[in-house]
Structures are given as structure tokens and as C-alpha cells.
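Visitor: Take a look at the letters that make up each chain.
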Amino acid sequence: MSVTVLPLAKSGHNALPRNEGMKLALDVIDDIRLNFPAAERRIAALPGRRSVKKDAQAAWLLKAITCIDLTTLSGDDTVARVERLCAKAKNPVRADLLEALGMADRRITTGAICVYHRFVATAVEALQGTDIPVAAVSTGFPAGLVPHDVKLREIEASVADGAREIDIVITREYALTQNWQALYDEMRDFRAACGDAHVKAILATGDLKTLRNVAKAAMVCMMAGADFIKTSTGKETTNATLLVTLAMLRMIRVYQSLTGFKVGFKPAGGISAAKDILNYQVLMKEELGREWLEPDLFRIGASSLLADIERQLEHHVTGRYSAFNRHPVG
Amino acid sequence: MSVAHYFETMDYGPAPESDAEARAWLSKHDRGFRHFIGGQWVNGKSHFDTLEPATAKVLAKLSQGSNSDIDAAVKAARKAQAGWAKLGGHGRARYLYALARLIQRHARLFAVIESLDNGKTIRETRDLDVPLAARHFYYHAGWAQLQETEFADYQPVGVVGQVIPWNFPFLMFAWKVAPALALGNTVVLKPAEFTSLSALFFAELAEQAGLPPGVLNIVTGDGDTGAALVKHKDVDKIAFTGSTEVGRLIRKETAGTGKSLTLELGGKSPYIVFDDADIDGAIEGLVDAIWFNQGQVCCAGSRLLVQEGIAEDFIARLKARMAKLRVGSPLDKAVDMGAIVDKVQLERISALVKQGIAEGAQCYQSPGAATDKGFFYPPTLLTNVHPASTVAREEIFGPVLVTMTFRTPDEAVMLANNTRYGLAASVWSETIGLALDIAPKLQAGVVWVNSTNLFDASAGFGGYRESGFGREGGREGAYEYLKLKAWAKRKARPASKPLPAAKAKADAGLPMIDRTAKLFIGGKQARPDGNYSRPVLSPKGEILGEVGEGNRKDIRNAVAAARGAEAWSKATAHNRAQILYYIAENLSGRRAEFAGRVAAMTGSRMAAAQAEVDAAIKRLFTYGAWADKFEGDIHTPPLRGLALALKEPIGVAGIVCPDEAPLLGFISLVAPLIAMGNRVVAVPSERHPLAATDFYTVLETSDVPAGVVNIVTGDRLSLTKTLAEHDDVDALWVFGSDKASAEAERLSSSNLKRTLVDHGLATDWFDPAQAEGPVFLRQATQVKNVWIPYGE
Chain R
81 MSVTVLPLAK SGHNALPRNE GMKLALDVID DIRLNFPAAE RRIAALPGRR
131 SVKKDAQAAW LLKAITCIDL TTLSGDDTVA RVERLCAKAK NPVRADLLEA
181 LGMADRRITT GAICVYHRFV ATAVEALQGT DIPVAAVSTG FPAGLVPHDV
231 KLREIEASVA DGAREIDIVI TREYALTQNW QALYDEMRDF RAACGDAHVK
281 AILATGDLKT LRNVAKAAMV CMMAGADFIK TSTGKETTNA TLLVTLAMLR
331 MIRVYQSLTG FKVGFKPAGG ISAAKDILNY QVLMKEELGR EWLEPDLFRI
381 GASSLLADIE RQLEHHVTGR YSAFNRHPVG
Chain X
11 MSVAHYFETM DYGPAPESDA EARAWLSKHD RGFRHFIGGQ WVNGKSHFDT
61 LEPATAKVLA KLSQGSNSDI DAAVKAARKA QAGWAKLGGH GRARYLYALA
111 RLIQRHARLF AVIESLDNGK TIRETRDLDV PLAARHFYYH AGWAQLQETE
161 FADYQPVGVV GQVIPWNFPF LMFAWKVAPA LALGNTVVLK PAEFTSLSAL
211 FFAELAEQAG LPPGVLNIVT GDGDTGAALV KHKDVDKIAF TGSTEVGRLI
261 RKETAGTGKS LTLELGGKSP YIVFDDADID GAIEGLVDAI WFNQGQVCCA
311 GSRLLVQEGI AEDFIARLKA RMAKLRVGSP LDKAVDMGAI VDKVQLERIS
361 ALVKQGIAEG AQCYQSPGAA TDKGFFYPPT LLTNVHPAST VAREEIFGPV
411 LVTMTFRTPD EAVMLANNTR YGLAASVWSE TIGLALDIAP KLQAGVVWVN
461 STNLFDASAG FGGYRESGFG REGGREGAYE YLKLKAWAKR KARPASKPLP
511 AAKAKADAGL PMIDRTAKLF IGGKQARPDG NYSRPVLSPK GEILGEVGEG
561 NRKDIRNAVA AARGAEAWSK ATAHNRAQIL YYIAENLSGR RAEFAGRVAA
611 MTGSRMAAAQ AEVDAAIKRL FTYGAWADKF EGDIHTPPLR GLALALKEPI
661 GVAGIVCPDE APLLGFISLV APLIAMGNRV VAVPSERHPL AATDFYTVLE
711 TSDVPAGVVN IVTGDRLSLT KTLAEHDDVD ALWVFGSDKA SAEAERLSSS
761 NLKRTLVDHG LATDWFDPAQ AEGPVFLRQA TQVKNVWIPY GE
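Going down the list, the sequences are from chains R and X.
Residue numbers in the first sequence follow the working numbering, run continuously in steps of one, and reach 410 at the last position.
Residue numbers in the second sequence follow the working numbering, run continuously in steps of one, and reach 802 at the last position.
Same shape as in the complex, but just chain R (with noise of 0.2 Å):
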């Protein structure tokens, strides 16, 4: 079997180009084609396709972690809940744990924290010397619906408080009226915004119902320049799905096919099982390739995964089960 060493990306530091997107092309919206008792059947079937088991379980985990957007968005998140989790993104798992795992000298930590734009500055703070980005939810997360000028104010004020991230928000009536140019000429803004800061654009994908509804405004985002598509804010009733990433996944191909972009993939929202994320990162080595399980093109919108994930971890190393007090919360 080929080795192929890819270069570490540093957390949240995307050494690919920036996906620059492209004129709206209708007749590419038009033409998508989802099957979905056939996509319902490509996710039954996977988990018993592939498997990771023992030491490369423990990688894949250890890959995961690097992914996550450690993420807090509650109405009653304070400075100092911010700071608790800024410090585990930082140290993610135990150091004796790296340790019994090999990996003591790599510099596992998450792939950002997340938080809303009041936070930004207290993480950027918490963060110093540290590659980790941090990323702010906007555009009014997590419904979207406050006036346009406001939102690229949100933004471009998250950016001013030093974050490199920035998740946005659709208009869910624009991809459900299948008001296209809408959605396009929104993003495109949301994107001008940004500058410099990577813009994640979160579909809800649980609002838009339909996998093509998903994957037509998946297909809009990219092409008017999201470096990301997100599934969810973790706020709708459904969030995250594999049939959700499938289709996303998909497009993401496709827009790659048209353009040469390699645009990044996160789902979001009710992945809190280690044997969940394998799952996703199964789907992303198979339907995209070995480049999409890295932080710059994959990133794992969670609050509790970490948790689960460093139980698992001790279970590998000591061959019993785990407990979560034995890790420290985030």
C-alpha cells in the first residue's frame, strides 16, 4: 500500500487556493439530478463497506479531532466559558494519552473554536500563540433574517475582532422559492465581506427538506464563492445527516469538475459519537478523496464529540472502557 504523506495543514490555515467562484450558471442548477432511495442506499451500505479498526481507529479519531470547530452557541455563554473552552481546543487529549498513542510530538489540538461574534475577541485573546482560528457565526444565526446591511455589518465587525472564520447563514426562503440569483447575489456580498476571512455557508440543510433543494443551494454558495458549505446551525430540528452530506459531497465534486476549487465540507449539529464521525469520514475519503479528511477542507461543527472521542482514545490504549470524568471538559 502507497504511503503518501500530505504536508500537516496548520489548523485553519488553508494552503489551497480560495475558491474564487463563478458567474451563476442556471443551467448547471437545473440539470442536478438526485436519486433518493438511491443516496438513501449508498448510506445504508457504507458502514459495512469500510471499517477502522484498532490503531487506525485511534488515527482516524485523532484526524477527527483536528477537524472539530469546537463550538459553543448558547444564549448564556460568558467570557469565562468561552476562556474553559479555548483552553481544551488547545489541549484537546490527555498528554499521557498522546503519549501511550505515539503522538506526543504532534500538535493535536481542534481545528477552531467557534462562537458567536460577542466572543470573538475573548477567544482571539484566549488563542494567542496558537495557530487556532476562530470562527463567528453571522448574518443573524441562526434564522437569518435581519436586514442585509446589517448582516455584512456583523460580519465585516466579527473580522475587525480578529476572526479568520466566518460562518454564515442563508435566506432559507431564497433556496425554498428556488430564488437562485437571490441566493447568489447574498453570498456573493456575505463572501466581499469577509476579505480575508474564510466564509463557511451554512445551508439548514433541515429547513430546505429536500436533498435537491439542498444540493441546488449548495451548488449557488460555491458558486458565488463559499470556501465552505455547512449542513446546519445545529439549531433546526434536523441537523447533520450522512444523506445530507452525501448530496453536499456530491456537488462539492462537481463544482471541483467545473472549476478545479476544492471546496471544504462541514457538518454540523447532533455528531456526538465517535463511531458517527468515522462514519463521515468514510463518506468524505470516498466520495471526495484522502485531501478532504484534513482540517482545510474539513471541519466538524461539535460541542460533545470531543468528549466521546478521548474516551474511545483511552479505551484504545488501555483496553477498558472509559468515563468521561476522566477527561477534562472543554
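Calculated directly from the structure, the hints in this document are not laboratory data.
Be careful, since some hints might not be right.
[Unchecked claim] If you want a taste of the chain R side facing chain X, the calculated C-beta under 10 Å gives, among others:
hint, residue
1, 112
2, 113
3, 116
4, 130
5, 131
6, 135
7, 136
8, 228
9, 330
10, 366
11, 369
Predicted, not measured: the structure shown is a model, and the values here were computed from it.
For every residue, glycine included, the Cβ atom is placed at its ideal position computed from N, Cα and C.
Based on the hints, put chain X in the right spot on chain R.
Guide: Below, chain X without anything else, positioned relative to chain R:
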């Protein structure tokens, strides 16, 4: 390999399923196995090795079944059959249910044994073969329970000989054994020589579960053992799944023996992708179509037909997908493909691919798929292939996909049907109107819309054309293991009295105006090609008239006319019903004339002849009634979607009529076939043909389209042979002679046309229980299951 290594490579790493339990089971048997006959384990006189395809190492020794082993097994099955049938539906349902549970309890061991023995992946045996096998036992436990009410007019066939292939050893075992046992038959089964272990494991468990001795007998061995079973005189039915080549031999071997037969044979199934399909979905489907079970699947989607406009993009994406396929140890839980079953098969695949390349095909194979030991072959795509290419016509039975393009839906259908086979097809389109328009046009027993290789016990599986006949699964499959009680009672037809020498009818005065019956071909009265006639005599030897002496060319012309009348098969059922009633109406208008004719030919009393005409009119009404009521079913397999069991006409059917009831026999055979949309070439009673030839004027006045009914008079046996050999005849019904029956069955093997013959047993054409109804309609149709998963 370390965590750090995997962190960098993000490779999958090994994920082996343990084979310890399976190897322990082999060791317990000292890696040597016996036959299971009459509830006893009987050692063979000689033995042969069965290999593990992934390593090419010997797995175990199996007994080679001899003629006497087969004889002992058939005797045991015969001895057990009456008691098994007498046990009743509920009693058998309990056993079938127990067997289903037993498969589930030992599911993982079955899966591992199967994977070791066959080389297929543990993923497939675990997720597909074994659960589906259990499902077949559950489902058929249900038919056992319902047998007395749902199949009240039927009885078990008796002792069934079953020969199964190596590609799905345990699943095919279940498909064969479950319905046979459920419906009161006893079984002698020969597993494939490469893959007998799962059947033997099952027998061991069934024995522990208390299945009565002799109900299920297993004799292992090679083709000779299978041949001994097929030839055995006391076997009532043969059910075979395997190659078309062997299927043909079995058809010839069983011809004229009275054994019933079902054949599930090869295929070269089309996989049609329209330009409005979900391309990635269709590509993923292809993985399940042709790289499922190493492509060793009779219904594998092996001929990719892509619409021209998307072909380039499709092939590029397909190659990218192929590059991700993983081939390796079948017990690794992260591989897509395991090993080919045997060296012989590996060499055949390899030789065919080389031939394809020599004929101009371009070959793409998944990289990194080579494995140094064992019988492995990479996923393979051949492009630049044409319908004339060997690889486009021959069943490769390996992981090799050939691809061609089409321009229009019509051309897709034409290319799809341009094969001797007709097992399965896939249609990919996001336009419901297009997909549902194409499905009925495909000559295949199963059509999957936006899907592939879906199976369930509730939906019959089986082929059209040279892919065989009979169905496995569903109500349609249950009938294959039953026979009509009314037919079981039939006795041999008494020899007919020889006719006296011909003499002219004594008549005074002016000669009658000559009325020479002609042949009726393509809606026209036609002189026989040879321009010979044969006299038709009354029982006293008086010449009643003359009919044409039809020959090979007349049959050829009649078949061509029938083939051309394809619109009849597409006519609405209402339309066909109207025409059958109209025929009855016009016949009733000439009741006296026809009665006179029948009486003159047969010497029967006028009242009896009138009764025959009345019965014929009634029978036409019966089939007029059935025409729009013998409908398909909607199966409910475990999926969100429909499986539509469509009852489709077979196509062009030959009919050879008996001498008894010259009008009623003719009508009883023609009417069900045309009611269901077939076009027929009928050979009337050899001795009393004039009622049928008179009948063409009734057809002419009844709006029957030209070519739907063709009538060729002449010598029964020679015309039977010509029809049986004709490769454009899809079905052949022969009544009236054991010799003609045997010839029909023997010669039908050339294109494996479906036959219905009486083996020389006399049918009482006046008895509706044996002469009309669904038993004929089922023979006049073939079931196509169209699977339509849906969802948004």
C-alpha cells in the same frame, strides 16, 4: 503500522472477521463431509476437495455422489413425501418457521462458512445472502400455512430434484428448498461442487431441529451427480439454477419424461442510463450491479447502455469510482470485492477480457486490486464495445462491465433487447414517465427502476427467453411446486382407431361447389407452399374435404406474420376482451354449421356436436371475461417502494391441437393465449382439421387483426418439430400426442421456449376444472417484476 502511520496516510487498515468458529466446525468434521440421505449421514465411495478461493488452499473433502447415492436419496424422498404432504399446511409451516429461526440463530456462522467456501465478501454473506435466505423460509412458512385455502385446487408435485449453482450457494439453497418443502414436496438437492458447505451445515441443523428423515436430502458431487439426479425416473420435477448451456442439456434430458421443469439461467442484463438520470446514483448502482459478488451474478447489470450526451462524463466518473473499489480478503470487513470462486472461472473471465481487447475493446481496471495468492480479478470496464463484440454477447460471469451508447429511448430498448437472454434490467431516469414507459418494453423477468439487484421472497425472480422459465418467490413462484389436481387425474389418451380407406362421398346430381380449406396466415387465406393437400375423412372413410399440407415454409410465414402482429400485445385488455366476445358472437351465428362439421368429422351425434360448439362459445366468453381481469399484483417487499408483478404476454406461441373435441380443443388453446396478448400459430387437429379451417372465416368477420391467429394444417409431428425448433417462437403448447409432446420439449431447448404439453394424457375439454382458467392463463403469460423504489 502505528497510529502515527495511519494519522498520516488515513488508510483503512485491516478489519478481519474471525473465522475461528467456522474452522472449528470444519475440524469437528475432520474436514470431511458426507451426504445427507433419509436422515442419515452417508459417506461417499470417493471424495473430492473443496477449496478456499481466497487462498487456493483445501478447505475440506466432500463425498462424490454416485448413481446409487442419488437413487437412495430419491427413494428416501419418495418414502417421506406422502407423510410430509399429509402433515398439512400448518404442520409444515411450523417446520419452515423453525428452519427460518435456525438460520437466524446461526447467521454469523453461515456467513463466515459461505465466505470461506465461495470467496465472496463477509459483508455480502452477512448483510444479504443469509438474511435473505432466512426471509425465504419465513415467507414460505406463510404459504404452507395458507396452502389449503389459497391453493385448494392444487397438490404438491412430489419428489423434487434441485441442482444449484456456486455463486449464491446458501441463498439459492433457500430459494429452492423453502418453497418446495413448504408446499408439501420432498427434496433431493445437489449443491455446486465448489460450494457445498453451507447446505451441509443447514442439513446438520435441520436434523437437530427434527425435520423428518427423507424430507430433505443432500447429495454432494460434480456434474455427473447432477446428471444422475436429472435422469432419475422417480423424480417428478427438476429445478435448476445455473448456466444456459447446462439448462439446455437438462431440457433435452427431461423431454418427454413428464417431469416438470424450472430453469433459472444466465443473463447479459442491460443497465440503461438516460441523460436525465442521477449520474452518481447510477454509478453507485453499477457497483452493486456488476461488482457485487465479483460479478458472478446471473442478473448482473453487465451491459451498460448510456445515452450519448452524457457518456463521456459518465465514463470518467465511473473510472474515478472504480479507483476506489477495494479488492481483498473476503473476510475483511472493508473490501468491496473478494475472490473468484475457482481457477477455472478466473481463467474464463481473463480469456474473455483478452478476447474483448483483441476485438478492439479498451480496458480499464481498478488499480491496486491485484492480490498475489488466491483467485482474484480486478473490477474491469471495457469501452469501445459494440453489439457484435463477443464480450457484449457472452455472459462473462465476472467483474467485467461492457459499455455502449444509445441516442433515443427506442434505441435503448432495441439495444437492451438485442440478446438471447432476458433475466433482468435496470433503468435510470428521474422522469417517471420515461422510466415506466421503458420498463414494460424490456424483455426481462425483473426490471429495477433507479435501482439494481433488489431481491425479496415476495417478488418472483426468473427470466424471459434463454434466461429460463419459472419464477422463484412470490405467489408466482409457489405454483412452480404445485400441480393442478384436475390434471393429476388425467389418464393416457386411448389410441385412436385407424381410418378406413378413403372413398368419395356418394352423391347424385350436380357436384358440390368445391370448398378447399386453405391455410390462414397474416389474415389472409393462403395456399400451402408445397401445393399439396391432404384429405379429411369421416369415421367411415368418406372424404369430407381437403386441407393444405402445411410445411416448414408455411410455419415460417405464419411465425413471421405472428411476429409482425406485435400491436396485439400492446392492445388494451378491454379491446382484446371485446374481440373475444365478438368471435363468440359470430360463432354462435353459425352454430348449426359448425355442429354439422364436427359431427361429420367425428361421427358424434348432432346433440353432442352442438354441445361442443356451445362449450366453445362459452369458453370464448370465459376468456373474454378473463382478458381484462387476469391482472398483475403489487408485491410488498421490505422497501419503500413498489414491486409490480406485471403479467405480460410471452409473444409468439405455437399451438398443436388434439384430435378430440376438434373445435373446443382448438378454441380452448387459442383463446387464453390471445386473451393475454399473444399471437399464435395453430396447427389444428390432424385428423379433424375442418372445424378450425372453417373458423378462419369467423376470425375474418370478428375484427381479429391480421397475424394474431394463424392456422397451418398438416402433419402433426413434423409441424410440431418445425415450431419447436423455430427460434422466433416463444412458447409452444402441444396437446394430443405423447410423441409430439416429447419432441416439442426436446427441440424447444434451442431457444428454451416455454412449453406446455399433455404428454399424451387426455384432457376432458368439456370440464372447466381441467380445460380452462388461470392454469392456462398463467402459461400464457410471464411475470415481470418491476421494482420502483421511491422517496424524496
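Visitor: Next item in the hint list is residue 330(R). Is there a CB on chain X closer than 10 Å to its CB?
Guide: holds (5 Å)
Visitor: Tell me if residue 113(R) is really an interface residue toward chain X, meaning its C-beta lies closer than 10 Å to one of theirs.
Guide: holds (4 Å)
Visitor: Interface hint check: residue 116(R), Cβ to nearest Cβ on chain X, cutoff 10 Å. Holds or violated?
Guide: holds (4 Å)
Visitor: Does the nearest C-beta of chain X fall within a distance shorter than 10 Å of the C-beta of residue 135(R)?
Guide: Holds - the Cβ of residue 135(R) comes within 10 Å of chain X, reaching about 5 Å at its closest.
Visitor: Should the interface hint for residue 130(R) be scored as holding, given a Cβ-Cβ cut-off of 10 Å against chain X?
Guide: Nearest chain X Cβ about 5 Å off; hint holds.
Visitor: Does residue 366(R) meet its interface restraint, that is, does its C-beta lie within less than 10 Å of any C-beta in chain X?
Guide: Residue 366(R) check passes; min Cβ-Cβ to chain X is 6 Å, inside 10 Å.
Visitor: Take the shortest C-beta to C-beta distance between residue 131(R) and chain X; is it under 10 Å?
Guide: Since the shortest Cβ distance to chain X is 4 Å, the answer is holds.
Visitor: Does residue 136(R) pass the interface check with chain X, least Cβ-Cβ distance below 10 Å?
Guide: Hint holds; residue 136(R) Cβ to chain X Cβ min 3 Å, cut 10 Å.
Visitor: Double-check residue 369(R) for me: the hint is only fine if its C-beta lies closer than 10 Å to a C-beta in chain X.
Guide: holds (9 Å)
Visitor: Less than 10 Å between beta-carbons is the criterion; does residue 228(R) satisfy it with respect to chain X?
Guide: With Cβ-Cβ at 31 Å, over 10 Å, it is violated.
Visitor: Hold the hint about residue 112(R) up to the distance rule: shortest CB distance to chain X must be less than 10 Å.
Guide: Since chain X brings a Cβ to about 9 Å from residue 112(R), closer than 10 Å, the hint holds.
Of the hints listed earlier, the one the structure fails to meet is number 8.
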